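Trainee: Okay, here's what each chain looks like letter by letter:
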Amino acid sequence: DVKVTQSSRYLVKRTGEKVFLECVQDMDHENMFWYRQDPGLGLRLIYFSYDVKMKEKGDIPEGYSVSREKKERFSLILESASTNQTSMYLCASSSGGTGSYEQYFGPGTRLTVT
Amino acid sequence: TQLLEQSPQFLSIQEGENLTVYCNSSSVFSSLQWYRQEPGEGPVLLVTVVTGGEVKKLKRLTFQFGDARKDSSLHITAAQPGDTGLYLCAGESNTGFQKLVFGTGTRLLVSP
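Keeping their order, the protein sequence lines are chains A and B. Under this note's numbering, the first residue of the first sequence is numbered 25, with each subsequent residue one higher. Under this note's numbering, the first residue of the second sequence is numbered 1010, with each subsequent residue one higher.
Hints in this document: simulated from the structure, not taken from any laboratory. All values derive from a computational prediction rather than experimental measurement. We put the CB at the ideal spot given by N, CA and C, even for glycine. Treat the hints loosely; a few may be bogus.
[To be verified] Label-pair restraints from in silico Cβ distances:
id, chain 1, residue 1, chain 2, residue 2, range
1, A, MET51, B, ASN1103, 34 to 44 Å
2, A, THR107, B, GLU1014, 35 to 45 Å
3, B, LEU1055, A, PRO63, 14 to 24 Å
4, A, LYS37, B, ALA1087, 43 to 53 Å
[To be verified] What the simulated footprint calls covered on chain B by chain A, stretch by stretch (three residues with Cβ under 8 Å from a Cβ of chain A suffice, anywhere in the stretch; the number is not a length):
id, region
5, 1029–1036
6, 1078–1087
Kindly generate the complete structure, drawing on both the sequences and the hints.
Mentor: This is the structure we're talking about:
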């Protein structure tokens, strides 16, 4: 069974704090993704990575950065948290094989910025 | 920009009723997936449809991919409380890297 774990289920931070969200997958997947999920907007892609040390911007990268130093770990960083970054954050991975687009998701981190 | 709109956004029904969720776009997708997300969990893949006009059945769930590969539907027969959750369609992005474009979501509540 593929397992994607996220470091926290719930997180409360203050405006201006630096926030780290970590994601680990145990299936040797090449691709990893960070999404934020807001009601009525579905999942919006923040950043993704298709290899170690490689990263690509998604649709809403502003205010975020990422790090992938090891294949199994993908971190999302909020350099200076703001209240409009209050959201559910979901990490996902996929195998990278041809024709395989299935993404496996972690349980999510609900971040509140006050 | 590829977009996927789902309707309805929210659906509250009684156990035993039938329902259909729609996923529409002006863009063509090579394939389309449906995920279900339960409270406190991440989305889980239900099915992938690839061919225009394709119909796939998963027990009481029937998935259809439009002939032009721009839309899809999910039909649930005799809904049960266990079907409660958020249903998301996702299309294969034309920008590569196995990216998906997710729909806006349909939240389904099935009451006993």
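Trainee: Which hints, by number, does the structure contradict?
Mentor: 1, 2, 5 and 6
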